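In this note's numbering, the protein residues as written are 1 to 261.
If you're looking for bench data, these hints aren't it; they were derived computationally from the structure.
Small disclaimer: the values here were computed from a predicted structure and weren't measured.
Glycine is no exception: its CB is placed at the ideal position from the N, C-alpha and C atoms.
All the given hints hold, so there is nothing to weed out.
Using C-beta positions, here's what the derived DEER-type ranges look like: (1) R174 <-> N148: 16 to 22 Å; (2) K235 <-> T132: 23 to 29 Å; (3) D258 <-> Q157: 27 to 33 Å.
Restricting the straight-line Cα-Cα distance to at most 27 Å, the calculated cross-link-like pairs of lysine-lysine (BS3-like) are: (4) K77 <-> K93; (5) K142 <-> K194; (6) K156 <-> K108; (7) K71 <-> K202; (8) K93 <-> K142; (9) K156 <-> K71; (10) K142 <-> K156; (11) K77 <-> K142; (12) K93 <-> K107.
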Amino acid sequence: ALAACGSSSSQGNDTSNKKLQTASTTSSSMQDNGSATDDSTVAQVGTFETRAPAKDVASSQSALFIAEGDKGVEVIKIGYHDRLDKELITTIKGINASQVSLSEDQKKLYVTNRQGSVNEYDISDIHAPRHTRLLAPGTIRKHPVSQNGIYEYLPKQESGMVVYDISNPSHKERVSTFHEVPVYALALVDQDTKALAASGTKGVSLLDLADHEHIHKVASFPMEDKTLGISINTKSGLLFVANGDKGIKVFNLNIFMDDLR
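Model the full structure from these sequences, guided by the hints.
Right, dumping it as structure tokens:
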């Protein structure tokens, strides 16, 4: 369920440049096929609150974009050295944002609203996102494609995920369906042999993609609230998880993966 907004004139930007610094590390136990361990505290480098429940997250090399329902989209800068720094760059208002994704060149932001329509923004100037056009529902779908360009992974929320072979552009072929856990969003890891999935009330799931016809869950990481979005910043090595009322959880990706394995 995604949604659209009105005319571009209603899309205002709030450029109050407030800086917030939060770095609370919370312990949460890992679950590996049912067995819990509690050595996962080092994986989480911080958490920060959002103005409304965090519904989705997308990260570019320079910023983080958070869909916050009727509060719009927060655009923030993240710094991480010995602590996590969050600096608000701007806010995109006038849209009920349920999903965010970026173009490949990271110059366009796509915001899906509650009705499923997609608003496109020019973000070449990150401080002043400019609404460029409104696209029909389904025009931009947030789904990863394998690096070799063969497989497309389509999240189906509570229904799991569908995997397609897209090597022949004129004939997209369904390879398999996956129903073991919900999949709201997906990030590919380990040279596309695995994926981290935002699995709603099931937290974050680690999926094995080695055999595309028999994808299975390897482990899961429980979260405090419904997990609806996930994004990886390869430059910083950070994993961002949209965790509803609990805001955004930030993890060191390598440690998180080691714990899950």
